[in-house]
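Q: Can you build the whole structure from these sequences, using the hints too?
In the order they appear, the protein sequences are chains Z and R. Position one of the first sequence corresponds to residue 1 (this note's numbering), numbered consecutively onward. Position one of the second sequence corresponds to residue 1001 (this note's numbering), numbered consecutively onward.
Everything labelled a hint here was simulated from the structure, so no lab data went into it. Model, not experiment: these values are computed from the prediction. Please note that a few of the clues may not be correct.
Here's a subset of chain R near chain Z, in silico, CB distances under 10 Å, partners left out [stated by the list, open to error]:
| hint | residue |
| --- | --- |
| 1 | V1040 |
| 2 | V1067 |
| 3 | M1084 |
| 4 | R1220 |
| 5 | S1284 |
| 6 | V1289 |
Each residue gets a CB set at the ideal place from its N, CA and C atoms; glycine is no exception.
2 protein chains.
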Amino acid sequence: MTSRTDVEAGLRKEMHQCITDAVDQRRDDLSDLLQGLIRVPSQTGEEGAAQAVVAKRMATDGLATDVWEPDPALLMPYADHVTMAPGFAGRPNVVGHLAGSGGGRSLILNAHIDTVEAGVRSAWTCDPFGAETRGDRIFGRGACDMKAGLVTHLIALAALRDAGVQLNGDVYVQSTVGEEDGGAGALSAVLRGYRADGAIITEPTNLAVVPAQGGSLMFRLRIDGRSAHACVRDEGVSAVEKFALIHQGLLAFEAHRNREIDHPLYAAIENKVPINIGVVRAGSWPSSVPEWLEAEGRAGLVPGEALDTFRESFLTEVDAVAARDPWLRDHPPAVDWFGGQFAPVEIPADAPLARAVQNAHVAVAGTEPPVEAVTYGADMRHFVLTGETPCLMYGAGDVRLAHHADESISVSEVVTATKVIALTVLDWCGTAEIGLRTRWS
Amino acid sequence: MTSRTDVEAGLRKEMHQCITDAVDQRRDDLSDLLQGLIRVPSQTGEEGAAQAVVAKRMATDGLATDVWEPDPALLMPYADHVTMAPGFAGRPNVVGHLAGSGGGRSLILNAHIDTVEAGVRSAWTCDPFGAETRGDRIFGRGACDMKAGLVTHLIALAALRDAGVQLNGDVYVQSTVGEEDGGAGALSAVLRGYRADGAIITEPTNLAVVPAQGGSLMFRLRIDGRSAHACVRDEGVSAVEKFALIHQGLLAFEAHRNREIDHPLYAAIENKVPINIGVVRAGSWPSSVPEWLEAEGRAGLVPGEALDTFRESFLTEVDAVAARDPWLRDHPPAVDWFGGQFAPVEIPADAPLARAVQNAHVAVAGTEPPVEAVTYGADMRHFVLTGETPCLMYGAGDVRLAHHADESISVSEVVTATKVIALTVLDWCGTAEIGLRTRWS
Chain Z
1 MTSRTDVEAG LRKEMHQCIT DAVDQRRDDL SDLLQGLIRV PSQTGEEGAA QAVVAKRMAT
61 DGLATDVWEP DPALLMPYAD HVTMAPGFAG RPNVVGHLAG SGGGRSLILN AHIDTVEAGV
121 RSAWTCDPFG AETRGDRIFG RGACDMKAGL VTHLIALAAL RDAGVQLNGD VYVQSTVGEE
181 DGGAGALSAV LRGYRADGAI ITEPTNLAVV PAQGGSLMFR LRIDGRSAHA CVRDEGVSAV
241 EKFALIHQGL LAFEAHRNRE IDHPLYAAIE NKVPINIGVV RAGSWPSSVP EWLEAEGRAG
301 LVPGEALDTF RESFLTEVDA VAARDPWLRD HPPAVDWFGG QFAPVEIPAD APLARAVQNA
361 HVAVAGTEPP VEAVTYGADM RHFVLTGETP CLMYGAGDVR LAHHADESIS VSEVVTATKV
421 IALTVLDWCG TAEIGLRTRW S
Chain R
1001 MTSRTDVEAG LRKEMHQCIT DAVDQRRDDL SDLLQGLIRV PSQTGEEGAA QAVVAKRMAT
1061 DGLATDVWEP DPALLMPYAD HVTMAPGFAG RPNVVGHLAG SGGGRSLILN AHIDTVEAGV
1121 RSAWTCDPFG AETRGDRIFG RGACDMKAGL VTHLIALAAL RDAGVQLNGD VYVQSTVGEE
1181 DGGAGALSAV LRGYRADGAI ITEPTNLAVV PAQGGSLMFR LRIDGRSAHA CVRDEGVSAV
1241 EKFALIHQGL LAFEAHRNRE IDHPLYAAIE NKVPINIGVV RAGSWPSSVP EWLEAEGRAG
1301 LVPGEALDTF RESFLTEVDA VAARDPWLRD HPPAVDWFGG QFAPVEIPAD APLARAVQNA
1361 HVAVAGTEPP VEAVTYGADM RHFVLTGETP CLMYGAGDVR LAHHADESIS VSEVVTATKV
1421 IALTVLDWCG TAEIGLRTRW S
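A: Next up, the structure:
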């Protein structure tokens, strides 16, 4: 005798197989879509052309699309958290809505369409916008951060449709702008009313479930020196030499913070709160002592840390270094904070959404996924803190390849992530039996 | 009884008085001319407007003017020594010729019209092109380096004319372009045939006679790192951190060279061969580990050093630092040399021209002038090495104020230098008695 539970379990297994088969059958579609997106550059601020491709695909896939440019007036109260320059003309968000039949939990599937710039071309062994394939991998700017994540969402929903699944809950696939500069796009989606019972961002987590995310702040240091002709350089004060002292101080500060932080999900991460100097500009003439230096960088925070408290301790550190140098004592470096501020955020590691993704991962991969924190800031905080929507990250790809020359992603890993997202959607949103009968009967 | 020598000495003294009085009477003219020149910006590459003012003044003063744009084809064999970009269209040299009556030594009075850029405006307490007067000083870019030097020459010749002096030898006042970038203008004048029995450049020597001049080379360092997202910055290699090692190595190299150098005129100079890092550019994004850094600088040489030998030892030093770092060992910094190369140069400290200026200084100031070397490179080398014209520098102003915010010069000191140059011209070129009779008789 077969129990009702056994029947349900068997039916579920069959449904899963049907959906994952549908993903496998879309492997070429998945690759083509990802390559197509990589070939349309979408550096932060220039997302329009790529978003047009996304909107067209969503419409083709039967999603009801909502395309709008974020409204600076609505974002203004959050101006400290996202960058609004250079405005949003020609930089729309795109959301595709798959309506549920009712009674299920709603889910937001978010990915950002913007990428960092390609960087130095000579560091690449391929065209950053060529989407070249080598074996299982596709190369290009945005390949893993995170056009593959967007493709994951789109193919997952397409596979569910292929499998004849009618969901109970609503699903919203979001392709948002400006994440690399604070996430004005995701925040604009929240403010437009896109809230749900859960949200998944397919940032490249290497197929780990990530319920905790570090925060980050961008800072700008301005150091004044005193100019002099190079031939009497000792009469001047080199802003470059003074910066070296500040930089050393910040690295010591980073080491000190790493020793102090005690958060279980960060235990395995060696540099939990990296402080990176990413840009330096100094001086105007080779034979003048540089009288100014400007450095831009990014500092990491862990969940539990307040942005204001961190800013204060950073300034205290800069002041302490300056106090040890006669010139800097009288000419203290100026620090300002710019760009988006990313508050660290976390949801419980055993939240229902986390369990749903874990279960789907087990169903697809046969093993428990790692549950980890990450050191980078992204759009999670807008969903959790402003949208009151539990949010986590899970996706294919290695963040170590992001922002890098030769950024790339494994197609097989994207296929796996797509299966997991599809099964998570099924589980989270639920399905009416009727929708399945055509295939499973 | 009055001897012929006594008569001559008395006559000479009277002549001197008459000429220095004439300079004093032109004090307002001198200030006005200097202020007018400061108010016409003439950063290297944009000298045209200022040269038009100079040519007009020379014509008014009765000098036969020669205005021409340097010919890149003629300069090409010297391409390593001067910068020819961005070309010379609209950047003419101007030479004013005062013909002697014959039988005297000829003299070139050279000044460069170009200046470095104004730099950071906020570092100035006045408009860099306002030519503001405060007490005895005039402020502005080029005030001491070296529009005052050009004014010195022009007013000296005007005063000689006021005093009714008819010179035996020819005098050529040169206002040349591009000195800050290698001296293409002065070299072009030499190649056009302007050679003489002596040449004086009125660079700001603080009224010291300078028969020896350091050389200099401009270098560009390119350091490669490896990019990574800031959140995993330890996966990357910061070009900024690697540059710090190279910079420290270059400062140690400078210290070593200072200990080794043994040149009598440099004994009093603490930093005889400064190595200055003037410009640094690194990275493109605050939250990416900077994968590149470019630094531009200037290294000093003393007379007796060969450019090639120095370049070799510089490269050896960079390589030695790189060899001590695992990353740099495999990714050695690239060094290239750019802009004008300034060979160091000297003439004997007791050369006739040096003695002439010393005597004139004694006549005006009542004390012996210092005889010194300087650590900067300028146009002396073109006259001495290419033009075979003995050349020294002597002028008002402090090179410590050159290339600086609030560059300024003392009008009184320019007046003194003008008297010394006028008397030097008189002594060097000689005069026919007839020319003086109208005033001294």
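Q: Which hint numbers does the structure go against, in order from smallest to largest?
A: Those not satisfied are hints 1, 2 and 3.
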